[in-house]
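Working from the sequences, and respecting the hints, build out all of it.
Read in the numbering used here, the sequence shown has 87 at position 87, and its numbers run on one by one without any break.
Some hints could be false.
Unchecked claim - Derived DSBU-like pairs (lysine-lysine); straight-line CA-CA distance at most 35 Å:
1) Lys155 to Lys236
2) Lys119 to Lys254
3) Lys258 to Lys236
4) Lys160 to Lys258
5) Lys13 to Lys119
6) Lys155 to Lys58
7) Lys58 to Lys254
8) Lys236 to Lys254
9) Lys119 to Lys258
10) Lys254 to Lys160
11) Lys236 to Lys160
12) Lys13 to Lys58
13) Lys58 to Lys258
Keep in mind the hints are simulated off the structure, nothing from the lab.
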Amino acid sequence: MAATPDSTRRLIKLGFEVLIESQAGLEARFTDAAYVEAGATIVPDARALWSAADLVLKVRPPTDHPTLGVHEAELLREGGRLICLIFPAQNAALLDRLAARRATVLALDAVPRISRAQKMDVLSSMANIAGYRAIIEAANHYGGFFTGQITAAGKVPPAKVLIIGAGVAGLAAIGAARSLGAIVRAFDVRPAVREQVQSMGAEFLEVTLQESGEGEGGYAKTMSPEFIAAEMALFKAQCAEVDIVVTTALIPGKPAPKLITADMLDVMREGSVIVDLAAEQGGNCELTVPGQVVSGPRRHRHRLHRSHQPPAHRRQPALRLQPLPSPRRHGRGDV
1 MAATPDSTRR LIKLGFEVLI ESQAGLEARF TDAAYVEAGA TIVPDARALW SAADLVLKVR
61 PPTDHPTLGV HEAELLREGG RLICLIFPAQ NAALLDRLAA RRATVLALDA VPRISRAQKM
121 DVLSSMANIA GYRAIIEAAN HYGGFFTGQI TAAGKVPPAK VLIIGAGVAG LAAIGAARSL
181 GAIVRAFDVR PAVREQVQSM GAEFLEVTLQ ESGEGEGGYA KTMSPEFIAA EMALFKAQCA
241 EVDIVVTTAL IPGKPAPKLI TADMLDVMRE GSVIVDLAAE QGGNCELTVP GQVVSGPRRH
301 RHRLHRSHQP PAHRRQPALR LQPLPSPRRH GRGDV
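Set out below in structure tokens:
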């Protein structure tokens, strides 16, 4: 949800009139009554909201509306303003739709990773929750113990977890898996994150080929063919040993790199789980189906594919959309 009742009050104090689509906040556990109490006006549906607002706030990029049968970009008023995630490099068709509406768009995913813009870093706040959620989902589908058990019937070893990509989501996944008692290994093309991984109690995996994957803004870059071949060999060896794999690898402006191939699935154990957090950008697993839980080649093997889905959490990422630099009303404005 792009606005909470609390952030709604702040916008109203700045002079904005705030419109909220009916029941839009239910998945974040915010009722229409809470928004009305904050001073917002409830509108019946998305069509009424988009046509009335001068500025539209949302979290996800515009997409086909599930009930109206029309693309949300078509609902935006001519010359309107939109603030949300856009992922412009992967959404050329969406940009064309918005350009046809003469829309002014602020892509929150394109905000630079600098100190001044830290409060607008929506990707980091959502990635942090996605990494945590990935482990919780994986534990649910795995069905075994994460922590080791010693019982009268014998010893049960702890689960082994591989995290590919040690950015915000990867580090959150490491922390969650370690807190549940799993043995965690992590890989990243950026040597600078080694200390961060090790400080959280995980093993940092490396390939013999020395090459830095540090790109602009702290993101990863595309690696050489030799490095890719070496890391793929490492991943195949690890897939034969681990119970859970969480992939988080993304390259800004490009489709997600394919890191888990079909032949790697063949060596995985029965009941193994893969959580692909890069599904929305094409996925790190070759057989990823975004937003779906897919059974692998063996009956009891699961692959979970999740994009950066907003969790049902009352505070994040909703509040991340509120600290835009000093909004001021000039004349009448509806948000």
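What hint numbers does the structure not satisfy?
Checked against the structure, the only hint that fails is number 6, while the rest are satisfied.
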